[in-house]
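There are 2 protein chains.
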Amino acid sequence: MMMQRVTGPRWKGKGFADIAAENPMSQIVKKLESSMKQSRIKAILTGSVSLLEASTELADLLNRSCIGRQIPNAEEDKHWFQLSSEETMYLQHALQSLVVVDEKGRPLNDLELWNVMKDRREAFLELYKAYVHLRGKNWVVRPGSQYGVDFVAYRHHPALVHSEYAIVVLSEGDGNGEKCSRLREWSDVQCCVRLSGSVAKKLLAFFIDRKGIDETLPSCIQRFNVEELIITRWVPEQNREECHKNDDVCNSEKVPAT
Amino acid sequence: MMMQRVTGPRWKGKGFADIAAENPMSQIVKKLESSMKQSRIKAILTGSVSLLEASTELADLLNRSCIGRQIPNAEEDKHWFQLSSEETMYLQHALQSLVVVDEKGRPLNDLELWNVMKDRREAFLELYKAYVHLRGKNWVVRPGSQYGVDFVAYRHHPALVHSEYAIVVLSEGDGNGEKCSRLREWSDVQCCVRLSGSVAKKLLAFFIDRKGIDETLPSCIQRFNVEELIITRWVPEQNREECHKNDDVCNSEKVPAT
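Going line by line, the protein sequences match chains A and B. Anchor point for the first sequence: position 30 equals 30 in full-length UniProt numbering, and the numbering is continuous, going up by one each time. Anchor point for the second sequence: position 164 equals 164 in full-length UniProt numbering, and the numbering is continuous, going up by one each time.
A few of these clues could be false.
The list cannot tell twin chains apart, which means a pair is met if one copy fits it or any two copies do.
Stated by the list, open to error - Lysine to any residue pairs mimicking SDA-like chemistry, simulated, CA-CA at most 25 Å apart: (1) LYS37 x ALA200; (2) LYS78 x GLU103; (3) LYS211 x GLN190; (4) LYS137 x GLN190; (5) LYS211 x LEU183; (6) LYS42 x TRP186.
Bear in mind the hints are in silico, worked out from the structure with no lab data behind them.
Turn these sequences into a full structure, and let the hints steer you where they fit.
Laid out in structure tokens, this is it:
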């Protein structure tokens, strides 16, 4: 019988994979979307993030979708969430479920919000594209600053599963001959791979190519090209001929091939 | 039941994995080694490669070990093999199974051969380190020029299995501030990943760090540091939640986890 190596998600408990399968993230986000649309939810923009007041029901949906960060407060039926700039743009522009207002309470339309985000946050275009791209594939995307990367991605809710990918978003240059400033040297890449590996994540590099694309309207991000590379360490010993045999070390990482 | 993605070797036929398991490459190479030692085999150095005359028995062992390239000739019991510079050095210095002679028939000792190879072939140090490193882990290593890389690596004999890795050998610089000249740009990396992927190989980048190491003696290569990175494309769709369900597209790539 042939043995092959398996890599996959690290679920946090027994049966959690089934719970995830029975509750697809796409449906949870759909519920959030329709609930927010019905209630005409507003968020106040401060800097490049926004603040949202949520009912208990909405708070539950936001938490289950893993969108926003709940800010502790004492009131029982009022909940506050801070949305990152990507989440703010995603809820307003991609899901059309949020109205972002400025500090005076004036609503910002998609274009105004787009311009504010572009102005206030460096690399917003690339980061937002990466966020939308991953959310569109039903990945849960959270900030990665804890690991020195842009995002971490989860197969489902972080309560069920560990994050699988540490994501670095790189730009292919904006036509001015500008180069990615990070991961320029292979030693940087090795460093980042080791760091990700030490927390059991794979390094995923996103290359966002927005050369020659007019960035006036937020819809332009659909035309940005995304190229994704996974970079991992290779352990030649894991592949040696000894692993064809039935020793325990090898089998612990293998399953029979069908 | 949880489904996980499997990657592994592509055997060329049914039962070939078993044939490989029953005939470990390490034992085949050991047989070659002792046979060559007994017969005091010589090879003639021409440029940076060498030529070896082999009996039918030795030719069989060389072919089974996948060392050297047999040169067609008409005589039935005389066989000629061309050994690459890495193979020549490996057989003489690492396996101590070969005596390399110059065109006048004078034997070259390990140090003389080392100096000739270093002089005649750019990047010999890195390429040889990569070759020895892989052979030491029982990988079959063949030239990769066909795929625009330095080597390809097979789990066993190429008659049994397709090569799994396309290998690019990069130097960490020799202390003179010299940089790797290949894969300097991420676009080069993407290109190489795509090319490797199109021939069902994974791109494996070897970083050979020989900074601060005296390269006078061939034994120095033991102190070169090797860092290996696997770089592959990521297909987010393969990881989507639909794959938790029992649809055929997903299952074709999955096996049940134990």
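Discussion item. Going through the numbered hints above, which ones does this structure break? Give me the numbers in ascending order.
Written reply: Going through the list in order, the structure violates hints 1, 6 and respects the others.
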